[in-house]
Amino acid sequence: MGTAQESATNIDINGQKPGASVGVLHPHVVGQAEMVQLLDVEGVRHADATFTPYIDALTAETVRGFYRDMAIVRRFDAEATALQRQGELALWVPVIGQEAAQIGSGRAMQPADYAFPTYREHGVALARGLDLADLLKLFRGISNGGWDPKENNFHLYTLVLAAQTLHAVGYAMGINRDLAAAELADSGAAEVIDPAAVVAYFGDGSSSEGDVHESMVFATSFNAPLVFFCQNNNWAISVPFEVQSKIPLVNRAGGYGMPGIRVDGNDVLAVYAVTQWALEHARSGKGPVLIEASTYRIGAHTTADDPTKYRMLAEEEAWKAKDPLIRMERYLRAEGLADDEFFEQVKHDGDEMAAHVRKATLALDSADIRQKFATVYAEAHPLVAEELAWFDQYEASFADAAAQISQGGAA
Amino acid sequence: MSTLNYFNLPDVGEGLTEAEIVAWKVKVGDVVAVNEVLVEIETAKSIVELPSPYAGVVAQLMVAAGETTDVGTPIIAIGQDAGADSFKGGPSAGDEPEMKPLVGSGPKADAVKRRPRRGQGGAGVEHSTPEAKALVTGSLPQAKPAGNRVLAKPPVRKAAKDLGIDLSDVVATGQRGEVTKKDLLSYQDRRTDEPKEAGGFYSNASAGSATGDPRIERIKVKGVRKATAKAMVESAFSAPHVSIFVDVDASRTMEFVKRLKESRDFEGIKVSPLLILAKAVIWAAARNPSVNATWTGDEIIVKHFMNLGIAAATPRGLMVPNIKDAQELSLKGLALALNELAMTARAGKTQPADMQGGSLTITNIGALGIDTGTPIINPGEVAIVAFGTIKQKPWVVNGEVVPRWVTTLGGSFDHRVVDGDLSARFMADVAAIMEEPALLLD
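These protein sequence lines are chains Y and V, in that order.
Taking my numbering, the leading residue of the first sequence gets 1, the next gets one more, and so forth.
Taking my numbering, the leading residue of the second sequence gets 412, the next gets one more, and so forth.
Errors might be hidden in some of the hints.
Derived EDC-like pairs: lysine to aspartate or glutamate, alpha-carbon spacing no greater than 16 Å straight-line [stated by the list, open to error]:
{"no.": "1", "chain 1": "V", "residue 1": "K569", "chain 2": "Y", "residue 2": "D306"}
{"no.": "2", "chain 1": "V", "residue 1": "K802", "chain 2": "V", "residue 2": "D782"}
{"no.": "3", "chain 1": "V", "residue 1": "K633", "chain 2": "V", "residue 2": "D481"}
{"no.": "4", "chain 1": "V", "residue 1": "K564", "chain 2": "V", "residue 2": "E451"}
{"no.": "5", "chain 1": "V", "residue 1": "K569", "chain 2": "V", "residue 2": "D594"}
{"no.": "6", "chain 1": "V", "residue 1": "K572", "chain 2": "V", "residue 2": "E478"}
{"no.": "7", "chain 1": "V", "residue 1": "K804", "chain 2": "V", "residue 2": "D782"}
{"no.": "8", "chain 1": "V", "residue 1": "K456", "chain 2": "Y", "residue 2": "D306"}
{"no.": "9", "chain 1": "V", "residue 1": "K631", "chain 2": "V", "residue 2": "E453"}
{"no.": "10", "chain 1": "V", "residue 1": "K760", "chain 2": "Y", "residue 2": "D306"}
{"no.": "11", "chain 1": "V", "residue 1": "K593", "chain 2": "V", "residue 2": "D580"}
{"no.": "12", "chain 1": "Y", "residue 1": "K137", "chain 2": "Y", "residue 2": "E341"}
{"no.": "13", "chain 1": "Y", "residue 1": "K320", "chain 2": "Y", "residue 2": "D40"}
{"no.": "14", "chain 1": "Y", "residue 1": "K309", "chain 2": "V", "residue 2": "E453"}
{"no.": "15", "chain 1": "Y", "residue 1": "K150", "chain 2": "Y", "residue 2": "D131"}
{"no.": "16", "chain 1": "Y", "residue 1": "K359", "chain 2": "Y", "residue 2": "E42"}
{"no.": "17", "chain 1": "V", "residue 1": "K564", "chain 2": "Y", "residue 2": "E317"}
{"no.": "18", "chain 1": "V", "residue 1": "K564", "chain 2": "Y", "residue 2": "D306"}
What the simulated footprint calls covered on chain Y by chain V, stretch by stretch (three residues with Cβ under 8 Å from a Cβ of chain V suffice, anywhere in the stretch; the number is not a length) [unchecked claim]:
{"no.": "19", "stretch": "93-107"}
{"no.": "20", "stretch": "305-312"}
Worth flagging that the hints you see were computed from the coordinates, not collected in a lab.
All C-beta atoms, glycine included, are put in the ideal place defined by N, C-alpha and C.
Pulled out of the complex, with its shape left as it was, chain Y reads as follows (with noise of 0.2 Å):
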């Protein structure tokens, strides 16, 4: 894959070479083109010595089953979008063209794995069997989190930006203690801990966050468990990826000393053959693994966000190209692995779905804002109090105030 020679070309600026003395780095770069892929744009299979025997164990049912989760999550994706435009949802973060990335590395993980989301991964969810109506709870602003995180082993949502990657160290340092512990206690095998590993997700623009950082220090000097899985769709709302990094991110892993791995995110069996790799290598207690998925956010960041201001067309129209799902229904028609009726019942699925979520969706409450104040501490608190006091106060200096309070009290 990667090729040194050309690579390290690459990093010399301007021609300066310092010289092959004993003490100056001389990098091996994996390049911008460089990346594992096991099946082209034109849905062609391409071999590979490591990756391609995941694929191979494959049924031709789990195979489909990869089409249908990315179809079935954009989808989604498009209703909820809509619900934000009805005034259903205060905000919505689509995730179109990112479907790959999703439900590849999320069908590689096991029921025992944790994933820790930011706040786009909807294909995640799916993969991990959560209702998608619940996603939509704290886009309404009625929930901090709308599920139950330990149910299905997918943490809640974060929104602060790489967060979540501080709190996937933390959580695999946790595995390697409960290994530890039940091996100390052991002899009675009272209880048999299964291995298990943690995918951090975060994206091209966290990578620039100083958490990012601290986790990957942490994780691989305490030989956590964890994968570290960076969707880089190229923009960080309006920064380009080029600001945030002048070579391909997963160059970054030798330098904390853990495998690094550059995959085509659009390319869900290759997404799911490296994440495979790379939980099993987590899993066998050697450490954290880096995968930079290369992908692209084809909407905006957010509804709240009009990309025509910052990107040009022909840009979004040659990632359009690389469509993760139009890829997977070549290689699934050409192969034989599945037929119109597929299609269609998939396409049926998918409006089922988008009902239900509509449906759950509009039966919500709306956002109540005292409940926020309810939830600031576990505990009463004078300095809360205070600011519902003169909340209170405020909403009923409106000479319509008894008519909004009758509706429900939200605000």
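Since the structure of chain Y is provided, determine the placement of chain V on it from the hints.
Leaving out everything else, chain V in the frame of chain Y:
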């Protein structure tokens, strides 16, 4: 009777309070499905399409295209079944719009400016009721027959509207027959090249205005116009302006520009006297650093770099993009930067980042043949230079009147930072370069 569902204008961004109806995609009587696009709206952030939350028959469009309306206002009524066309008039008491509260930063959070407070007397501003805003159904002025709707993407539609171009006049070359941005711009180029027709003063007035008097046109204040107005009022009434003027013999500048144009090094690069003025301003600001500053109230922030702003008329209105670190640029580099800035501005593609962090501005009013004026300082800066037209005028040289290329430079300064002697020295330095560009070699 069928019941009507009302769709209230949602907050599609985070904390927006209003939006403009750009175009209706449906008309009264159309059958719509859930998630079918109803309308295109423009907010302070972007143009978006709103999908229908209801299935049914469109009974009423309650806000006309072109109107700006508050978040939370009902904009369309949709009947639940085909019986909806029996609908007459505004909603009766029983049909009260659901007014389902929007979540998050919806209308209630934003409602402060609309909701009347207690104890302000009964004569508070009346709410604009759905009835008041309701248009008589079926005859919206812009509801063209759906069949001949001109295809174009929202940004193109928006640009056409800003330029006052009817999209149906533009030759479409898009893949699906849509008008592209390029089509629009080339149409605009041709249009501006054509000499202005005489008598436009009266003939323009026919454009629909709801006032009843066809001779009066009402233009909604919004977007860049609104922002410009706010910035100018803020600047004019917070910074005490002092303006000074100086006449300059710019003949040597004209010669210099001519020679640059002929030089091989500047081949293909547009060179104008503005280039020399820009260089002169940078040079003079370096010698008088306090004109390149910001007043904060507690501090004067003097900038030892020059983000040189150039006021530009663009399709979207007045913009002041700036050339970052202009002090680092060679004459040629500056010329290229000026060209790029002008081209970007003219194409309406100036990015917000291009307009931030300006330190001193030039306004080239001479391009329109004007001698001079008192410019208003760009907020956050303390000086602005107005460049008048350069034309041949009588000038006294060694006691004889001779024709020379003469211009007037005007400068406005924030007196909180820049006193009379400093502004005079700065302007004299700029003038000196215009009189003798060779001083730049200094």
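| Regarding the pair K804(V) and D782(V), is the alpha-carbon distance no greater than 16 Å? | holds (12 Å)
| query | Given the proposed pairing of K593(V) with D580(V), does the C-alpha separation stay at or below 16 Å? | reply | holds (14 Å)
| said: Between the alpha carbons of K572(V) and E478(V), is the straight-line distance 16 Å or under? | reply: Within the cut-off at roughly 13 Å; holds.
| Are the Cα positions of K456(V) and D306(Y) separated by 16 Å at most? | holds (7 Å)
| query | Taking 16 Å as the top limit, are the C-alpha atoms of K633(V) and D481(V) close enough? | reply | Status holds; Cα separation ~14 Å.
| query | If you draw a straight line from the CA of K137(Y) to the CA of E341(Y), is it 16 Å or shorter? | reply | violated (34 Å)
| field | 16 Å Cα cutoff - pair K150(Y), D131(Y) | value | Holds, at about 14 Å.
| message | Hint check: K309(Y) vs E453(V), CA-CA at most 16 Å. Holds or violated? | response | holds (14 Å)
| said: Quick check: do three or more residues in the stretch 93-107 of chain Y have a beta carbon closer than 8 Å to a beta carbon of chain V? | reply: Since 0 is below three, the answer is violated.
| Are the Cα atoms of K564(V) and E317(Y) separated by 16 Å or less? | holds (15 Å)
| query | For the pair supplied as a hint, K631(V) and E453(V), is the alpha-carbon distance within the 16 Å limit? | reply | Distance of about 14 Å is within 16 Å: holds.
| request: Take the C-alpha atoms of K569(V) and D306(Y), compute the straight-line distance between them, and say whether it is at most 16 Å. | output: holds (14 Å)
Violated hints, listed in ascending order, are 12, 16, 19; each of the other numbered hints is respected by the structure.
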